[in-house]
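Just so you know, the sequences run in chain order W and P.
Residues in the first sequence are numbered consecutively from 1, following our numbering.
Residues in the second sequence are numbered consecutively from 1, following our numbering.
Please keep in mind that the hints were generated in silico from the structure rather than gathered at the bench.
Source: prediction; values computed, not measured.
Heads up, none of these hints are tricks.
Identical copies carry no separate label here, and so any pair may be met within one copy or between two of them.
30 angstroms max Cα-Cα, derived DSS-like pairs, lysine-lysine:
no. : residue 1 : residue 2
1   : K33       : K318
2   : K95       : K36
3   : K149      : K320
4   : K310      : K25
5   : K318      : K183
6   : K103      : K356
7   : K33       : K311
8   : K320      : K151
9   : K6        : K317
10  : K317      : K183
11  : K318      : K46
12  : K310      : K19
13  : K318      : K25
14  : K115      : K130
15  : K36       : K130
16  : K182      : K318
17  : K320      : K25
18  : K183      : K122
19  : K46       : K317
20  : K46       : K310
There are 2 protein chains.
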Amino acid sequence: MRIQGKEYQTIWFENNVVKIIDQTKLPHQFIIKELKTVKDAINAIKIMEVRGAPLIGGTAAYGMVLAIMEKNDPNFIKKSSEDLIQSRPTAINLKWAVDRMVKKLSGVNNNETLKIALDEAKAICEEDVKFCENIGLNGLKIIEEIYNKKKDTVNILTHCNAGWLATINWGTATSPIYHAHKKGIPVHVWVDETRPRNQGANLTSYELNEEEVPNTIIADNTGGILMQRGEVDMCIVGTDRTLSTGDVCNKIGTYLKALAAYDNNVPFYVAVPSSTIDWDIIDFNNIPIEERNSEELSHIEGLDESGSVKKVLIYPKKSKSMNLAFDVTPAKYVTGLITEKGICEASLEGLEGLFK
Amino acid sequence: MRIQGKEYQTIWFENNVVKIIDQTKLPHQFIIKELKTVKDAINAIKIMEVRGAPLIGGTAAYGMVLAIMEKNDPNFIKKSSEDLIQSRPTAINLKWAVDRMVKKLSGVNNNETLKIALDEAKAICEEDVKFCENIGLNGLKIIEEIYNKKKDTVNILTHCNAGWLATINWGTATSPIYHAHKKGIPVHVWVDETRPRNQGANLTSYELNEEEVPNTIIADNTGGILMQRGEVDMCIVGTDRTLSTGDVCNKIGTYLKALAAYDNNVPFYVAVPSSTIDWDIIDFNNIPIEERNSEELSHIEGLDESGSVKKVLIYPKKSKSMNLAFDVTPAKYVTGLITEKGICEASLEGLEGLFK
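All chains, please: the whole structure from these sequences, using the hints.
See below:
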């Protein structure tokens with residue numbers, strides 16, 4: 001999608017390095033960064049220069065390529081694959097992408113490893129673009145249906161960034177929105193700020209602005225009353241791990257919006273590329289929920305009067321804070337899953353119907 | 001309660017001026033400010049140097065005193081009372097306090113007006129302290145009951161600041177907590193940050209720190225998963241306007257926590273001084289919900305590296321934002337109302353049983 005009118009993807013391979021958009025610098029600075037080693041890739045995932053389940057999957061795949069370029073040695077490659085999987089705990093795509101790379105490389109001749117790895121990393125990314133595009137086309141039908149009834153702007157609430165910046169292109173939750181916008185359906189997006197890292201404000205509103213999709217940032221607290229007032233026609237969010245039961249693990253606060261949607265009969269959809277499905281864990285209490293540095297809460301970056309980026313402490317000096325990154329929305333609060341293969345119920349039956 | 005070891009109330013009359021703690025400067029600076037005219041009082045309420053339903057009631061009462069000191073003229077006093085009521089729309093206490101002052105002053109001899117007004121403003125504030133103390137004693141029983149079963153630290157979640165800084169002393173939601181703490185019951189408070197003005201972090205965590213009550217700030221998004229995990233034993237919040245139906249209008253986001261509490265069988269209590277009860281409005285859709293300046297969302301103040309207070313823009317420059325200040329929690333999600341006269345069901349029957 002576009003930034004300042006120019007088309008980008010979030011990650012690409014060029015001149016023997018992997019290039020990414022440094023998302024910790026957005027929206028105040030647009031910086032393209034080079035990853036040259038597997039350590040660079042792991043670090044980019046850890047400090048969230050790249051984030052979003054599909055994009056960290058893509059970055060992990062390219063991380064394997066960088067490992068091979070550094071040292072084409074089975075032990076080093078194995079260790080690298082393990083380190084990549086460990087770099088963040090909650091999104092399942094990391095493991096999915098690395099396992100796929102490892103499988104593809106098993107039994108391959110040493111002199112072919114790099115080429116095969118690079119092709120597979122590219123294939124993973126291209127496949128993600130295709131998944132996201134199809135999610136967009138499938139979700140578009142829901143937006144069209146609402147528009148055909150309402151004959152007025154469709155108000156869509158989203159949480160965090162499941163936009164193109166969270167994927168390779170199109171986004172998951174945003175893909176139906178971009179497709180509707182391109183088709184001329186009037187849409188307006190309520191963008192949850194999404195504390196503590198404000199990816200809703202910093203990334204979703206930013207990327208919607210760049211594509212000229214009307215949007216308004218709201219505090220995470222605000223979605224409830226908007227739904228009570230009938231100012232939300234539907235919600236679409238992303239997912240970091242989708243259980244086969246239909247329970248959805250996504251950015252912290254998603255669950256609260258799902259409860260409000262349920263209470264106000266607002267349809268609540270989750271955009272699910274199949275790469276986020278976890279067929280193993282059944283009980284959502286067993287999903288590892290990442291706890292991140294509490295400084296992400298107590299400190300914030302912004303532009304001061306002179307236009308320089310400044311980090312400030314916003315909490316009382318003596319205060320402690322705690323930073324859980326994800327929560328789980330039980331399937332019963334999810335109206336449907338929008339996947340690359342179609343829309344299904346948030347249930348084992350629904351998912352198996354499309355994927356098994 | 002204490003700040004840096006010294007006892008304060010939030011508002012007092014001294015040397016012919018009204019003194020307040022400037023709450024827009026907390027937690028980074030502790031500044032006592034003088035209000036000398038009714039305009040000063042109106043401005044302090046509007047820009048939230050004082051805030052919290054009971055405290056803006058007390059400030060409005062003292063605002064009437066300041067008006068009389070300026071110009072002891074019935075027309076000026078009438079106009080001042082109207083301006084005070086208009087200064088913020090949602091909390092009912094403003095109207096309640098001003099109406100009470102006007103009633104007390106009606107038919108009074110001109111040379112007695114000031115003395116009677118001053119006595120009444122003091123009485124309103126003293127009564128609020130007494131209300132809050134009784135709310136504390138009534139709410140204490142609930143905390144004690146949980147402690148007696150659990151025999152371990154009682155974890156209480158609160159939203160925004162319904163602390164002593166929102167009242168004259170003790171607070172509403174915090175009063176049971178302070179009473180429990182003083183009695184030696186181990187309590188720990190999950191403090192919702194409460195975007196956009198962060199009164200949870202800036203005021204509630206600050207005042208709990210000063211009273212040495214263990215507390216942890218969390219993003220507004222976090223309460224849901226903590227309840228899913230059993231890490232919240234009860235919620236207590238304040239109210240800006242309580243309908244006779246038991247519906248509660250409080251800081252935006254309260255509703256989302258009530259939904260999560262309901263979904264996880266966590267008791268959800270509202271601390272209700274009777275001054276916040278609106279016996280007139282029946283349908284909560286008729287409550288005027290204040291929309292504040294969107295800059296409260298897009299900009300934030302904090303301490304920079306050198307310890308100076310800096311305001312920074314945290315949103316993309318092109319982004320719009322929208323800032324609704326309150327939402328409504330329907331009575332069905334409220335376990336009980338803790339009032340100065342006892343605990344009752346959130347319903348007309350419950351409230352009438354105590355107050356009519």
